[in-house]
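Asker: One-letter residues, chain by chain:
Protein chains: 4
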Amino acid sequence: MTSRWETSRTEAFSDGVFAIAITLLVLDLTVPSKELNHLAHGILHQWPAYLGYLTSFVTIGGLWLAHHGIFRRLQFVDSRVMRINLLLLLVVSFLPFPTRLMAESIRDFDAERTAVIFYGLALTVVSFTVSALWAAVIRDRALLKPEVDEREVKAVTLASAPNVGLHLAATALAIPAPRAAAFVYLGIAVVAVFRARPDTTSEAADGGNDASMLRP
Amino acid sequence: MTSRWETSRTEAFSDGVFAIAITLLVLDLTVPSKELNHLAHGILHQWPAYLGYLTSFVTIGGLWLAHHGIFRRLQFVDSRVMRINLLLLLVVSFLPFPTRLMAESIRDFDAERTAVIFYGLALTVVSFTVSALWAAVIRDRALLKPEVDEREVKAVTLASAPNVGLHLAATALAIPAPRAAAFVYLGIAVVAVFRARPDTTSEAADGGNDASMLRP
Amino acid sequence: MTSRWETSRTEAFSDGVFAIAITLLVLDLTVPSKELNHLAHGILHQWPAYLGYLTSFVTIGGLWLAHHGIFRRLQFVDSRVMRINLLLLLVVSFLPFPTRLMAESIRDFDAERTAVIFYGLALTVVSFTVSALWAAVIRDRALLKPEVDEREVKAVTLASAPNVGLHLAATALAIPAPRAAAFVYLGIAVVAVFRARPDTTSEAADGGNDASMLRP
Amino acid sequence: MTSRWETSRTEAFSDGVFAIAITLLVLDLTVPSKELNHLAHGILHQWPAYLGYLTSFVTIGGLWLAHHGIFRRLQFVDSRVMRINLLLLLVVSFLPFPTRLMAESIRDFDAERTAVIFYGLALTVVSFTVSALWAAVIRDRALLKPEVDEREVKAVTLASAPNVGLHLAATALAIPAPRAAAFVYLGIAVVAVFRARPDTTSEAADGGNDASMLRP
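Quick note, the sequences are listed as chains A, B, C and D, same order.
Counting from 49, one number per residue, gives the positions in the first sequence under this note's numbering.
Counting from 49, one number per residue, gives the positions in the second sequence under this note's numbering.
Counting from 49, one number per residue, gives the positions in the third sequence under this note's numbering.
Counting from 49, one number per residue, gives the positions in the fourth sequence under this note's numbering.
Hints in this document: simulated from the structure, not taken from any laboratory.
Even glycine gets a Cβ: it sits at the ideal position worked out from N, Cα and C.
Among the clues, some could well be false.
On the chain B side, residues computed to face chain C include the following (Cβ under 7 Å) [said to hold, decoys possible]:
| # | residue |
| --- | --- |
| 1 | G64 |
| 2 | L77 |
| 3 | P80 |
| 4 | N85 |
| 5 | L87 |
| 6 | H89 |
| 7 | L92 |
| 8 | Q94 |
| 9 | W95 |
| 10 | L135 |
| 11 | E160 |
| 12 | A220 |
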């Protein structure tokens, strides 16, 4: 009972890292100055950069939703959860690097395959870390809010599990078909955002300071 | 009733993205090192960069006010609103890219027209997404705070609608007169900030934890 | 009475902009790769960059303290205050640009004077905007928390006024003696941080949710 | 009793600076475009950059945990604490600069030693500032929350003290063996994260708005 932190500052710090990582992605969108003469062509020619931008933006957006979904159910974090959360922030804030590599390499046939595989491995590590975060949370049920029942724990477990497998499969696809894999990454990210489920417990008791407001 | 999130973490994450996007703009202000010898001239010579900086800063500031105005009236977000909000953050965090292109191109006659049209199209998409966000909100009135009445819904709808049309018109103006259009974008952004209306409901019941403070 | 916003989201957004502007400054610290061979010398040789970094960091830190001091006394913001606050964020987030110019120019005699004057003018505009923010606040006393009395209003007015004059004087000094002026800017910023006064009202009634905690 | 600030905005501003400093580190991860032809080799060849990235990320993560641990026990900050906190943010936001230098220099024998010593000195200053922050806090026990007792003050003092010595020792090691020292920095950072202790007071009275939630 003595090894706990409250969640609010951890959420604030994590929100900051997610928001910065998602916004820094734009720094890698540029049109080389020699293409300024044919700007319309130059803008279109950057499509791999937009693909990387969009994929990483949607992926980080989906991770933020998953993070929100996990912390929404917590009343405390212990040391283990805090450390895995730091690990998750590490891999999220790393993601702009493989994004940039993939954007730079996608028209260079030698580099393309390596870059897309590298990006896929980064996504796999990210997915795995999200699953590990949830696994650490449910190891000690006392960290959860009292109104989170067994049925809901199972639902979140099911929702967070499959992404690791999907990302591994897409990374394997990058070996024969790197460009197809790059689009599959985007597809997985979009599906993850659409699958994100809001709080099924919002009618139940809530830790906010005006719980009555939650029942219209 | 089961598909809802509270608004506070979404506001915090959105504030982060708006604040970072608005502050990253300064990274594109530079004086080329060859102009350091005539620095006063070099600083003045950068006026297209300042115009882009100012326009995007005021535009994002106005978007933040509009976002604040919408979320101020919400007690929940559902999945649809959450997704459109992520889309809005995507286009807001994209804005530094067309800003940079416009600043780099405005003295290059070939590129100028394309860059100003591209910037205008980005603004149009941003405006449209704000309108879509509000439209998603009012589709399910249960998301609104109880004290938000029909009259106020109509007022916000009227206030958020016209920007799409204005931005489309300014983009069309960029075809014959790109520089004029660049200044019109700034004008629209300034007007949007001045038109932003504070909460007309601040005297009414409020979700804060000390509602009595709201009545002096 | 109808034209008001609450302060919390404005504070969160402003904190974001201040925190990002203050942290982005580090991106302009670099040692040119040709100096890596004599790195110890290369690091020391960058002293103008450190001076600029330190001055802008302390200046923005002091501005954040002043902003905190103003908003701490507010219960609402109206449209005028909101617009001047956006203007303040504009000039704060602009500050990394003159910082970079000053750091790049300080050993180039032609550019040095211009860069230091430009930086001083930016500081003057920032100081003026802080004063304008406070002036807008006290135009409508209903924006202030009830416990803020006339004596305290005068104290804050006195504390925020003189910086404009000091910055103008230091900018004038930059005409004959740019390097001396650069050090004076740092001195003014350090004094501003040391002069920042905490809330004299902390014992009085407070808008927080546990006012009793404020009296030990 | 009159010279105090509440802690919440200081925490928010500090969280912003920590989150940005930790996320900006990724901007220094790049593969030179001439290595794109052998990308797999190019990615592996960047190992000093990853080492610097990881060390600084874990160091800043541990600093954030330490900062959280200190502010968690405060109910007020006075002027002295506020100024030392600004100093801590200054050195934290400076850390990406020696990180970049170390990453760029680690394969250049002339520069390697200097860069690793410079990085170690920066870490030493950071550790010292954390200790100074805690020392300033316990000078005036009225700043602490009432439930923080003498035993706990001693425990935090013991936990925050040794890092200064460790960092000095590792910096001294960098004179004969710079690469070994670089790995020792990482080791110290990892240990600091694992040693971070959650709040032992979480069962006791708490300043939150729903203290009953803290007792399961």
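Asker: For each hint, tell me whether it holds in the structure or not.
Answerer: Quick rundown of the hints versus the structure:
1. G64: holds (6 Å)
2. L77: At 4 Å from the nearest chain C Cβ, L77 of chain B passes the 7 Å test, so the hint holds.
3. P80: It is violated, given that the least Cβ distance between P80 of chain B and chain C is near 11 Å, above 7 Å.
4. N85: With a closest approach of 5 Å, the N85 of chain B hint holds.
5. L87: With a closest approach of 4 Å, the L87 of chain B hint holds.
6. H89: It is violated, given that the least Cβ distance between H89 of chain B and chain C is near 9 Å, above 7 Å.
7. L92: violated (11 Å)
8. Q94: Violated, about 9 Å.
9. W95: violated (13 Å)
10. L135: violated (20 Å)
11. E160: violated (23 Å)
12. A220: violated (29 Å)
Checked against the numbered hints given earlier, this structure breaks hints 3, 6, 7, 8, 9, 10, 11 and 12; the rest are met.
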